[in-house]
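Given chain A's structure and the hints, the job is docking chain B onto it.
So you can see what is in the structure, the chains are spelled out below.
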Amino acid sequence: MERYLTCGAPEHCLSRRSLLAGMLGAGAGLTHVAGLSHFIQPALAADLAAQQKRVLIFFMAGGLSQLESWDPKPNTDTGGPFRAIPTSVPGTHICELLPFTAQQMHRLCLVRGVNTAEDDHGKGAVFMETGRRDSPAQRYPALGSVVSRLVAPPTSALPGYVHIQPGGGGVNKADAAFLGPKFASITIGNGQPPANLLRPGDLTPAADQQRNDVRLKANQRFTARRRTAETEAYGASYDQARQLVERADVFDVTKESAQDQERYGSHDFGRHCLLARRLLEQGLTCVKVTHTNYDSHSENFDFHIEQLGEFDRPFATLIDDLAQRGMLDSTLVIVMSEFGRTPKINHLFGRDHWSKAWSVMLAGCGLQKGAVIGKTNENGTAVVDREVDARHLFHTYLRAVGTDGTANYPGLNRPIPIGDPAGEAIEELLA
Amino acid sequence: MRHNGGSAYLTLVRLRDPTVLGRGRTAMKSSLPAQNRVRWLAAMLARLLPFVPALVCSADEAPRPAPPAAAPLHELVDQQIGAALASKGIAPAARAGDAEFLRRVYLDLTGSIPTLGEAKAFLDDKSPIKRQQLVDRLLNSPEYARQMQRVFDVVLMERRPAQHVGQAPWEEYLRNAFAANKPWDALVREILAADGADPNLRPAARFYLDRGGEPNLLARDVGRLFLGRDMQCAQCHDHPLVATYLQTDYYGLLAFFNRSFLFTPKTEPKAVVFAEKAEGDVAFKSVFVANATDQPARPHLPGEKEADEPQFEKGQEYAVAPADDVRPIPKYSRRSQLPVVLPRGENVAFRRNIANRLWALMMGRGLVHPLDMQHDANPPSHPALLDLLGERFAVMGFDIKAFLRELALSETYQRSSELPPGVEALAAEAFAVAPLKPLSAEQLGLAALQATGITDVYRASLGPTLNEATLHEKVAANLPGFVGVFAGQAGQPEQDFQSTLEQTLFMANGGVLRSWIAPQAGNLVDRLNRVTEPAAVAEQLYLCVLSRLPTAEEAAEFTACLQARAQDRPAAIQEWIWALLASDEFRFNH
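Sequences listed follow chains A and B, in order.
This note's numbering puts the first residue of the first sequence at 1, with every later residue one more than the last.
This note's numbering puts the first residue of the second sequence at 432, with every later residue one more than the last.
Hints were generated in silico from the structure; no laboratory data involved.
For glycine and all other residues, C-beta sits at the position ideal for the given N, C-alpha and C.
Some hints could be false.
Stated by the list, open to error - Partner residues are not named here, just some residues of chain B that face chain A (Cβ under 7 Å, in silico):
#	residue
1	Ala674
2	Leu677
3	Thr679
4	Leu867
5	Glu925
6	Phe928
7	Leu932
8	Thr935
9	Ser1014
10	Glu1016
One chain only, chain A, in its complex shape (with noise of 0.2 Å):
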């Protein structure tokens, strides 16, 4: 079996070269190092930062119909009372309660034969979140808790994933499963920052600094003869925190201007698309956003009209604007939920929860643009080509923002495939 060194934390994967550099025996598990007195943490060069990949996950909780989205079947027993129209690729419709969005299509592409086999909320939100099926004896870390492992830049002070979802706040350490709490997503609970960020009121930055030149100080007597990876992270966390608390206005949507608050809506839906942007461009490696209440057991065409009057505009300008600014390519987008809804319109005028037949929208990270993969038949009720599930929509994630999902994680002390053996990428949508 191999023995892995240290805490397998990727902060320690940079030092680990110069510290194996002087060492004998080699594969020994290492617990102390002295004499290591300059650790340096390389910064990110500018190149680096550039092809840094990004994951931007909108998960729309209750599950979206396809049928009033990507993959409407207009004047058929299950349509619908909505029409499709035309979108910026020749030929490909989409419903048109999305107008915004359907300008957009030339950059995303949508996978239409889902079939997730899964109708419990929960379930389906573990399956698609996660590429497995929800395992009593075993949970899996959720696609931004990968990213954040596998693919942040370990020595950047802003987490590696951050919810932005509408209620409250504070670290899902579930998401995370065995990569540990490190990994887990911190959520902003409409638009307020993390727990503790801002400095309180009666602690001046010249008080906070001088307490902790007394920690660094008693720091470096007790590490001089017992430096081990644990006290490295410790110490990192601190000077990530502290950058942090200087950089808190990164979370503060209100720093961007006017006039993109007025483009992207001042509804909550709005700002958080405009704050997801916000901690893309300041290097964020995953932002999930949250847009609620698509559940529409009820009243569904009256729910849709509503959800996605409110995501149509905002999640288009969003698109536009990472395009703009160059960032698409190097920006992984997924719109998904638990699963669709049925197409059999239920005596509420309402949808209930269908797996086997809806459609996930990506975007960006070299994704085929404009592409439509797969299909479902006439009336929507079966998936009749490219039918795939969760697994492979998860080794499609990890294989564009550059991640073997065949691999084992690294750094962990047992061999855990990062994608379930049983799915493959969706080749023909990687370029």
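Just chain B, lined up with the frame of chain A:
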């Protein structure tokens, strides 16, 4: 070696004759009059003795041949670790100083750091056996039971939220077990036998109930936590690299549980119990083999044979037949075989697992590491030592206190965490230098409360009603903030050390810690503000927070700081308290 009461015989019986155990301790007790029981046990003992010279208990009542190794276990530990070091030409670290040992053993055995008075008393004590005396005092303190309760709560439940059994009764159950020094095998037997129906043992059923009775989860966690084997990957196929991780063994464990389910009485929806059906079989096939046929599996421990199961005629399988709102009771219970066959002294995986886990608790990492990866491809760093520890722990009747005592008395445990001069690095698995063990969420909170003097304020407020329980009640109210931020994710094993942004911001800017450092009558900063002599302030500050005296250099720096900041002396003192609390030295048990 000590035993509680009359359990010595039974320990021996359990060790050598598992068939006796199937009838249970209660069965033996109830079916034999008291005087006959003694005679019966003596006869049993005599019958067994010739076969078990190496595993004989040290019970006073029993005739005992000379033990195979007369040396105390801690000396054997040091011999084996020392021999391995010598063979590799590694010089271990020096012996830890008194202060280093003091803080370490307090954190390990009580979960917190010593008070100012306790630290002073120990450092001033001139007795040559003061370390041993301290270990014995701490092991017999109520704080020990509470600390072990916390440790084993996390080991067994991995911070899952309470569902069917409250956290409080579960903690009380564990604490009572460790206070009474219940042998590990007895504790495990109780947990694996519990179904939640007996009110006295309902907390023990939490292991099953709060995992939802889910067979795959139970198979995995019984393997991991009681046998040291994570067989998760064998759910779908034999392990490609580990010859002893077989799919049949995973399903053998699963088969103890596949008939079990949570039963909720309609009249008492909260009285959920773990019930069982009389039917239901387990079959599996490998995902690696094309067109594989189903292989049946009956209950068995990994590597052991399937036992024969009694067969009943159709319609005769139940003692209580299933019916609406009736908990069925099968005549033959698969699950109840598990507490019979698993927690036994001669079960090598069982005894090695717990020996390895207790070793890791004290020494910072297992002889097999990770703790649930005991298999051929991941050999122990010291194979003979692990064998010895497992055997000796079984012979000791799984006496946890006695075992931890031996570990604490070893020189291996008592090394300094400072590398010897001239040595640049030492491999962790050599146990040549004391490790830096990250404090658990609870240890960190408790130590910070003690360091800042908040615990002292509570002590004073309790006056004559002060005892461990009353003090705990006050202190515990402060812990959820720390635990929420520093504890790992529920349902995941404790991970290797990580430091998160949330945690560091909590330390740096959080209101909880700031309120403890702000002056209030009797807390540390308040007491230090009343001391005029800077050297005396420094001494008390370092003793309270770091459980040691300041070095001359540190004292000089501190004094210079106080002199320079005469105008805002209290603020300067608060800054120093924070800096020491946020330091590496505080964050780790070193």
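Verification of the hints:
For Ala674 (chain B), the interface hint is violated, the least distance from its beta-carbon to any beta-carbon of chain A being 13 Å, above 7 Å. Here the hint on Leu677 (chain B) is broken, as its CB sits about 17 Å from the closest CB of chain A, past 7 Å. Restraint check, Thr679 (chain B) versus chain A: the minimum CB separation of about 17 Å is more than 7 Å; hint violated. With its C-beta approaching chain A no nearer than about 5 Å, Leu867 (chain B) sits inside the 7 Å limit, and its interface hint holds.
For Glu925 (chain B), the interface hint is violated, the least distance from its beta-carbon to any beta-carbon of chain A being 10 Å, above 7 Å. With its C-beta approaching chain A no nearer than about 4 Å, Phe928 (chain B) sits inside the 7 Å limit, and its interface hint holds. Below 7 Å, beta-carbon pairs count as interface contacts, and Leu932 (chain B) has one with chain A at about 5 Å; its hint therefore holds. Restraint check, Thr935 (chain B) versus chain A: the minimum CB separation of about 4 Å is within 7 Å; hint holds.
Taken as an interface hint, Ser1014 (chain B) checks out: its beta carbon lies about 4 Å from the nearest beta carbon of chain A, inside 7 Å. The beta carbon of Glu1016 (chain B) comes within 5 Å of a beta carbon in chain A, closer than 7 Å, and the hint placing it at the interface holds.
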